[in-house]
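Given next are the chains, with one letter for each unit.
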Amino acid sequence: MDNVVSIKQDIKMKSVDLDLYYQDFQALHGINMEIKANHVTALIGPSGCGKSTFLRTLNRLNELIEGTTIKGQVYLDNISIYEKDVDVVALRKRVGMVFQKPSVFPMSVYENVAYGPRIHGVKNRSQLDEIVEKSLRDANLWDEMGSRLNSPAARMSGGQQQRLVIARVLAVDPEVILMDEPASALDPISTAKLEELIADLKNNYTIVIVTHNMQQAARVSDFTGFFLNGRLVEFNRTKELFVNPSSQQTEDYITGRFG
Amino acid sequence: MANDMKDKLLTFMFWLSGLIIILILAGIIGYVVYRGISSLSLDFILQPPSRAGRAGGISTTIVGTVYLTIISLLAAVPIGVGSAIYLEEYAHSQSRFASLVNLTAETLAGIPSIVFGLFGFVFFVIFLGMGWSVLSGGLTMAIMILPTITRTSQEAILAVAREYRENSLALGASRWQTVRKVILPSALPGIVTGIILSIGRAVGETAAIILTAGSSLGMPISPLDPARTMSVHLYIMAMEGISTERAFGTACLIVVLIVIINYLANLSLNRLTRAMS
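Line order of the protein sequences matches chains A and B.
Okay, so the first sequence: first residue is 1 according to our numbering, each after it adds one.
Okay, so the second sequence: first residue is 1001 according to our numbering, each after it adds one.
Don't take every hint at face value.
Derived DSS-like pairs: lysine-lysine, alpha-carbon spacing no greater than 25 Å straight-line [claimed, not checked]:
(1) A:134 x A:123
(2) A:202 x A:36
(3) A:202 x A:71
(4) B:1181 x A:123
(5) A:36 x A:239
(6) A:101 x A:193
(7) A:71 x A:36
(8) B:1181 x A:101
(9) A:134 x B:1181
None of these hints come from the bench; they were simulated from the model.
Isolated chain A (complex conformation):
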């Protein structure tokens, strides 16, 4: 069983010498990163630096793009997720994802949240009701939408839609939540609510968030990784990385000299 390694208990996910190629183009170069359980890890860097690509390797969503090849390992607890016998559906149930654009399905609020549980075989109505209510409460949306469960999700505001998407992910009961620039389409008030929510969620979930916004990374995260040209230039406690970067490139980026 050489695909099982023992990693420190508080490490939820870990990448080891991870390379990723789109056809001939190498998008990730030997990424080594440890993602700590029940903490928020932020990935920052300029456009095209590989931070979103790396995020998508964590739930194998990069496989949807044809011509992608991977070298190296990614572990969830002590399972190597790129082994042949790994069930992608089970993996994605454990590692949920929130995307840049809040993309609610063309269904009611209730059906959006119930979508995941239904897919994974929950049929009992009262059980579904319970999951929907709990997920909406955990996503700080129950007070606003609890009485409007049957209204179309598309009529909600952008900020509400993004929290609905998070509720939809929570309903599947994941362990890790990946967020790909979740606030980039939101106004400042909705963004503040989202950041509040992220702070609440880390008590029960491990969160990895890609963001363009360095203030946001500084506000919400415990650890930060700075990506540049497909390489992880620096990875450290957020406070440390922003106050006292060890690499000149990191310093140039966070002080706004490029990016």
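Got chain A sorted already, so can you dock chain B onto it with the hints?
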């Protein structure tokens, strides 16, 4: 100043092109209705033709048209939508088979209908022994509308936001669950549009239908009965000089039928989209 004039002139020209389209459509429909309205009556719709169409109504041709259209849709919609789902959701974009399916659909769309008619005649009517029948005509028609249904379904599926797909898969859904629960419902309006276009084509087709369904004036009951559609009836009334007035009456009903189909399809479409979004 010169540019300003040019702009105004061009705007006028484009406006004129729009106006010409409206005039052509209004002119044709207006004339058809003007010439045909006198033959229209409840009897014209409900009575079977007699004396080769000189008297009576056109009930059997209305039934023939609807019957044949339904058969062609029953055959073409599952195959067309199915291949569109395969091409957009399952096939790799560089797959040889996928590009072959695409090429075939494109080529099929460009073949003149009479060629399909000849094929249907030789294959369904003679080789498979179905005779001149609603079934032979419906299946021939199905082949003709298949490219339209495939293409429009493909476009509708392609237009579904990539995010839906990713979100569903990221929640741990399988490809099929994603297609069935998210993609198809969102693509439905586009798919229905393709079906409406196809109905229009099936109702309007003449040559290929004469070759495969015949031109019998009897009431088609079994799918193996021969039938005459309204368009075929119109053609024969006009071509054989039986009755120009009755040809216009039939034309008038065809136009009304198409308008009703479009209206109903739009109505159900609006309901569907409202129920979903």
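Evaluated hints:
1. A:134 x A:123: holds, 17 Å
2. A:202 x A:36: holds, 11 Å
3. A:202 x A:71: Violated: residue 202 (chain A) and residue 71 (chain A) sit about 30 Å apart, past 25 Å.
4. B:1181 x A:123: holds, 15 Å
5. A:36 x A:239: holds, 16 Å
6. A:101 x A:193: Distance of about 16 Å is within 25 Å: holds.
7. A:71 x A:36: Holds, at about 22 Å.
8. B:1181 x A:101: holds, 20 Å
9. A:134 x B:1181: holds, 23 Å
Figure legend: structure checked against the earlier numbered hints; the only hint not met is number 3.
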